[in-house]
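> Read off the chains here:
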Amino acid sequence: GAVVSQHPSWVICKSGTSVKIECRSLDFQATTMFWYRQFPKQSLMLMATSNEGSKATYEQGVEKDKFLINHASLTLSTLTVTSAHPEDSSFYICSARATRFEAFFGQGTRLTVV
Amino acid sequence: EDKVVQSPLSLVVHEGDTVTLNCSYEVTNFRSLLWYKQEKKAPTFLFMLTSSGIEKKSGRLSSILDKKELFSILNITATQTGDSAVYLCAVLGGNYGQNFVFGPGTRLSVLP
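Protein chains in written order, with the working numbering: chain V, 224 to 337; chain P, 2 to 113.
Excised from the complex, chain V in its bound form (with noise of 0.2 Å):
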């Protein structure tokens, strides 16, 4: 399959700082990511579905300003974390759509907010 690095595997940061988190197809041009975020135990939740060269579209509920996404070029989106805090502590997992009809993904970022 299609090869989608995430990157950093995982972060710890102080409360009420950013993080970034960057998301990039390795082998293939995706005009669509997704970013997801995972609870202990809980399947993945769409946060938002970011397209190249437009602004995310994100789900409701997941605040905008608080989470935001750029999709800057076909192989890149990144995901900032933005005045952190601990409730934001989880998993976020990237996913690349490689073609019409499959995506796949990235090896997730664990956010420690202390």
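Since the hints were derived computationally from the structure, they do not count as laboratory data.
From the three backbone atoms N, C-alpha and C, an ideal C-beta is built for every residue, glycine too.
Warning: the hint list may mix true and false statements.
[Stated by the list, open to error] Rough simulated footprint, nothing fancy, chain V against chain P, three-plus residues with beta-carbon under 8 Å:
#, stretch
1, 37-51
2, 92-100
[To be verified] What follows is a set of in silico ranges between Cβ atoms, one per label pair, in the way DEER data are often shown:
#, chain 1, residue 1, chain 2, residue 2, range
3, V, 249, P, 79, 32 to 38 Å
4, P, 29, V, 296, 46 to 52 Å
5, V, 306, P, 21, 44 to 50 Å
Chain V is fixed; fit chain P onto it per the hints.
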């Protein structure tokens, strides 16, 4: 509202057993159904199904889709402890066929 339902939610078997995981869906503008395996990190891709009745196979895993009855099954034969994971079913569809709708997952535990 688009939804994907998986059953069972949890399953415990012994090595060598065969398991069948179920996924049913109600999703508008269906494009494809995908199965993923999630261990401790992000999900890894298993299968993508778009046509009814055509079995996809990879080693001990196989999957098939029934678009008339709106479900898919994932079979694992001769299970091994390394098969222990959460198996996620996702359907691509929704508005403009752009949205992935995930099921809650089936947590499979294979005991030695």
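> Now, for every hint given, state plainly whether the structure supports it.
How the hints compare with the structure:
no. : hint                       : verdict
1   : 37-51                      : holds (count 8)
2   : 92-100                     : holds (count 4)
3   : V:249 <-> P:79: 32 to 38 Å : holds, 33 Å
4   : P:29 <-> V:296: 46 to 52 Å : violated, 31 Å
5   : V:306 <-> P:21: 44 to 50 Å : holds, 47 Å
Hint violations for this structure: number 4 only, all remaining hints satisfied.
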